[in-house]
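Residue numbers (numbering that gives the first Met the number 0), protein chains in the order written: chain B, 0 to 397; chain P, 0 to 130.
Everything labelled a hint here was simulated from the structure, so no lab data went into it. Where a beta carbon is used, it is the ideal one built from N, C-alpha and C, also for glycine. It cannot be assumed that every hint is accurate.
Non-contacting residues of chain P with respect to chain B, defined by C-beta distances greater than 12 Å in every case (computed) [what the hints assert, rightly or not]:
(1) LYS22
(2) LYS51
(3) GLY130
Covered stretches of chain B, going by a simulated chain P footprint (3 or more residues, C-beta under 8 Å) [stated by the list, open to error]:
(4) 174–185
(5) 258–271
Derived DSS-like pairs: lysine-lysine, alpha-carbon spacing no greater than 25 Å straight-line [claimed, not checked]:
(6) P:LYS97 x P:LYS71
(7) P:LYS71 x P:LYS22
(8) P:LYS25 x B:LYS165
(9) P:LYS71 x B:LYS169
(10) P:LYS25 x B:LYS169
(11) B:LYS165 x P:LYS103
(12) B:LYS27 x B:LYS243
(13) P:LYS87 x B:LYS169
(14) P:LYS38 x B:LYS272
(15) P:LYS25 x P:LYS39
(16) P:LYS55 x P:LYS97
(17) B:LYS169 x P:LYS97
(18) B:LYS169 x B:LYS313
(19) B:LYS375 x B:LYS16
(20) B:LYS165 x P:LYS55
(21) B:LYS272 x P:LYS87
(22) P:LYS39 x B:LYS272
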Amino acid sequence: MPLIANSLKGLNEMEGKNVFVIGAGSTKFGELWELGIRELISIAAANAAKSAGVGLNDVDSVFVANCFSGIVNSQLNINSICAEELGVANCVCVGGGDSSGAHAILQAANSVMSGKSRIAMAIGVEKTSDLSMSDIVGAVSCLADHEYEAYTGATLASLYGMITQKHMEKYGTTEAQIASVSVKSHSNAVNNEFAQFRFNVDADSVMKSPVVASPVRVLGSAAACDGCCAIIMCSGEAARKRRKKARLIGYGTGNDVVALHGREDITSFRALKDASRLALQDAGIGIQDISFAEVYDPFSIAEIISIEDLGISKAGEGGKFIENGFADIGGKCPINPSGGLKGCGHAFAANGVRQAMEAFIQLNGDAGARQVKNAKCALASCMSGTGSDAVVNIFSNE
Amino acid sequence: MNVSNVVMGWRRIRKGNFLLGSKCRKCSKLHFPAARLCKKCGSRELEDYRFKGTGKIYAYSEVRTASSGFEKHVPYTVAIIELDDGPKMTAQIVESGKVHVGMKVESCLRKYYVDGDSGIIHYWIKFRPVG
Ligand SMILES: [Zn+2]
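Just need the whole structure built from these sequences, with the hints factored in.
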């Protein structure tokens, strides 16, 4: 599809190109029965402000991402909810799908770079545990093409099931390789205090777990959960004296048609390829320069294909890459040291911000038992639905 | 609610109308569903095109955990069908035993789901094996 590439400027071409993350905070991810969307926002924002050593009064603007509050919580105007909870007058909603958290970061960065905001906050919030399983599956299927996919009873899991089937058919990707994604993610999540699933699983139990939509299994799917995550951003000038910081050195975005059947090839994500090419170009680095990556893994095949599309492995070898331990913390290129969506829980609009938080924590050497050694450069790639939208953000501690 | 008129309406829509897509006047690329912008050449000049409704299975998945409204139908199979005319579309597969990639199928009008106990019955295209 000839999507027209507008001549968007990269960070390196922009006037106030230095933009830094100086703090990050989160709620725990999980089924948080006692917390509503307001409390989630309050807790994460307060934790982020505390981490940055600023007051909420110092925040000039807030970019809040959310996916499902209209469907699940019957609440729109989340920006006004934010304003009310945080006492910040300039709050803006960043909509879209489950990549909206990563988009909120870009909006906060742009606000800082333009000089409009001295200090900006990006926050992603999701509250899904008030729904029954079938209602969650229904809500999530709105991320696909509702008229021509979801209407026929296709769930997101079944669409990823078809992606998995094609990837296995084309490249010989195995059930064992797919299971190794969950094994690694769970093992990393054990050491992440914010994660929902802090326990190990073995490959055998992943491969024997019930099928959700063939060939996708329960333990190969990320569970919808509640969670909120926030980061604080400011200009290079303001960040100069700070000890804890991570610089946003490049970003890229990409799009594809929303329905899977509208794409030529479903074994790779064109939007992600476009976004990562732009982001790497923007940062002026190659993929070999990154220390680790946080990628989008609502279903295991998405992580495998992300590894390939980002160029971390060759096409078709993402499964082998993980199975061989190359994606482990301590491997060639650690993938999802946080535990990813699978280990942390899938909090949709919060995901992109949570990835940036992991970058901030790792790049400042604060990740404890899950610390990636010598972490200098982090890549965060986030997608929406079946990959119709992608954002790649690259952070550095240099 | 008396829905018989609605259901009669569904039946009156001839099968071909469910498979109404578009054809680019410039490069002849076929689109399903109908498009306003040609996905191949970027032209905005497209005309109606009725698909034959035959094709083969490109990929499929058997759904065990369904969305609300579809719970009673599990397990059911959804597939991406590659139409003989070119484009691909998503639909359920019915009247079949074991499904496989490459299986030849044809369209048929079937019930998809019902809105509650006495609501509207939604009909649309499903595919069944040929022969
Ligand atoms: Zn055309």
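key: Structure-inconsistent hints, enumerated in ascending order   = As far as the earlier hints go, 4, 7, 8, 9, 10 are violated by this structure, in ascending order.
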